[in-house]
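Q: Read off the chains here:
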Amino acid sequence: MTDRRRLPWGVLAVVAALAVPAVGSRFYTFLATDVAILALFATSLNLLLGYTGLVSFGHAAYFGVGAYTTGLLMKQLAVPFLLALPAAGVLAAVFALVFGFFCVRLTKIYFAMLTLAFAQIVWAICFKWNDVTGGEQGMPDIPYPDLAWMERLPWAGSLRTSDHYYLVVVVIVALALWILRRIVESPFGRILTTIRENPERAEFIGVNVRRHELVAFVLAGAFAGLAGGLFGIFNRGVFPDFVYWAKSSEVLIMTILGGMGHFYGPAVGALVLLVLNQQITSYTEYWPFVLGTILIVLLFVFPGGIVGALAVGARRLRRSARA
Amino acid sequence: MLDVREVRKAFDGFAAVGGVSLRVDRGQIAAIIGPNGAGKTTLFNLITGHVRPDAGRVVLNGRDVTGLSPHDVCRLGMGRSFQRTNIFPRLTVFDNVQAALIAHRRRGFDLLGRVGALYRDDTLAILQSIGLAEKAGDVSGVLSHGNQKQLELGIVLASEPDLLLLDEPTAGMSATETRETIQLIARLTRERGLTLLFTEHDMEVVFSIAQRITVLHQGRVIAEGAPAEVRSDPEVRRVYLGERR
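These protein sequence lines are chains L and U, in that order. Sequential numbering of the first sequence, starting at 1, is according to our numbering. Sequential numbering of the second sequence, starting at 1, is according to our numbering.
Each hint should be verified, as a subset may be incorrect.
[To be verified] Chain U regions said to be covered by chain L (calculated; three or more residues, Cβ under 8 Å):
hint, region
1, 57-71
2, 108-116
[Claimed, not checked] Residues from chain U that keep clear of chain L, each with C-beta distances beyond 10 Å, as calculated:
hint, residue
3, Met-1
4, Ala-10
5, Asn-36
6, Thr-41
7, Pro-89
8, Asp-95
9, Gln-98
10, Asp-121
11, Gly-131
12, Met-173
13, Arg-187
14, Glu-191
15, Ser-208
16, Ile-222
17, Pro-227
18, Glu-235
Hints in this document: simulated from the structure, not taken from any laboratory. Every residue gets a Cβ at the ideal spot worked out from N, C-alpha and C, and that includes glycine.
Please construct the entire structure, taking both the sequences and the accompanying hints into account.
A: Structure below.
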């Protein structure tokens, strides 16, 4: 019963994103890469937050595991990107499986605290295991993947390596978002929403709630890992603060800001948060103060986030247009 | 069909259910009555696996289901509704029933399919039979209390149970809603050949449809039998019916 006459927003967004290096400056490509990767990270969190009703305070753990995995493989072992990136998703999924096994046994705030505890353990390991992770200093000089073949593409030939990498990021993120979208629109996705709405009732329609939560947790972890793998390369280095709780709260803020009730809410949240951050920090050093104010207003006036507010606005417009 | 043997459950030393036995035969309509705090809901929770009994057995269709989780018990053919209305409030009426069908038909881990029109006809058929077909697209949380209770019945039916456990199906309803709901339950039970066990506070309802009544008082069975027998039982009159003048 979906409305087929709607604009293909997804396709338009991808086309617009691919055009950024051609029309914008180097700075805009940089910002757009950041936005695309964090949009994937936030959307992966929303599989838990918005669809399953699980609040994770430790989602950065899987982002970080992915970043370290790809970074280590590409820098130390010279593994090609085509293997090193999927490895990030796989290893993050394994971590999510192990941690999730324990987390889904708890509910509500206890679940949240346990996700945080596991994430901080991962952070502590990354921070101290000097031989492998580089410890506090992190792991700089992660190489770009070999994208020389893109110079032969007629429209991308004249671009820089960072622009080439950006195009790769856009394609991978678009693909990952498409898969996530399919997941939330699958029968499995519908069952997740019943768990969000009423876990007790879900048990009584025959849903194995814990097992569904665990599968969702592993999937969310895997996509966060992919985002982390992409980010480490973009950032030209992987550092322990990728795993720190502040990173987990940043992605939580993006998701809530954009609206966790909509599939693209978190992506919009990532866009708005990063652009605002860039703009406002050029005027004032009190960015956290501004962010806090924005969040307070949003939570009270538009609890559905930016996309939630837009959806309400669009519905009103349509109704008044009809009247 | 259902055989409950000497189940017990104590919470912090308070014996909520103290050794209750109960049998419901296939096709029967049985009721559990008793004053507030008699242990009716706890007994239901013990039967459906929500709470594990301290002692005793629950046997469903010859199979020991004691201590199984609710989703396993549900899959074995026991459907349950709750005293406080228990639906998925931010999903549409259609989605509520469709989700129950997905869970029951074991498609819950299907990540590749499309949910859109899955089991559309079956979902609409159930909505038709509970009288909510016209509200299929409405968000269920904004329906009237009576409609939500009906929807809950629809969710229960979607798991195609043989045995229906309804905890106060008419709680909080007006007299008209109560009458309509009871007619609906009686019709569905008949049409689908279900066995029904329900708790109820409205005596008129109980005596109008139940074939067998069990009276609980302070966690124990004080009387059991056909409506007429129960009605004339002196103990029942003293502790329960007598209280209502």
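Q: If a hint holds in the structure, say so; if it doesn't, say that too.
A: How the hints compare with the structure:
1. 57-71: With 3 residues close enough to chain L, the hint holds.
2. 108-116: holds (count 9)
3. Met-1: It holds; Met-1/U is separated from chain L by about 19 Å at its closest Cβ, greater than 10 Å.
4. Ala-10: Nearest chain L Cβ is 22 Å from Ala-10/U, so the label holds.
5. Asn-36: holds (22 Å)
6. Thr-41: The claim holds: Thr-41/U sits with its nearest Cβ about 13 Å from chain L, beyond 10 Å.
7. Pro-89: violated (6 Å)
8. Asp-95: violated (7 Å)
9. Gln-98: It is violated; Gln-98/U is separated from chain L by about 7 Å at its closest Cβ, not greater than 10 Å.
10. Asp-121: Given that every Cβ of chain L is farther than 10 Å from that of Asp-121/U, nearest at about 13 Å, it holds.
11. Gly-131: Consistent with the label, Gly-131/U stays out of reach of chain L, its closest Cβ about 20 Å off (over 10 Å).
12. Met-173: holds (20 Å)
13. Arg-187: Per Cβ check, Arg-187/U is outside 10 Å of chain L; nearest 22 Å; holds.
14. Glu-191: Per Cβ check, Glu-191/U is outside 10 Å of chain L; nearest 21 Å; holds.
15. Ser-208: holds (27 Å)
16. Ile-222: Since the minimum Cβ distance to chain L is about 29 Å, Ile-222/U lies beyond 10 Å and the statement holds.
17. Pro-227: holds (29 Å)
18. Glu-235: The claim stands: Glu-235/U keeps its Cβ more than 10 Å from every Cβ of chain L (closest is about 34 Å).
Of the numbered hints given earlier, the model fails hints 7, 8 and 9; all others are met.
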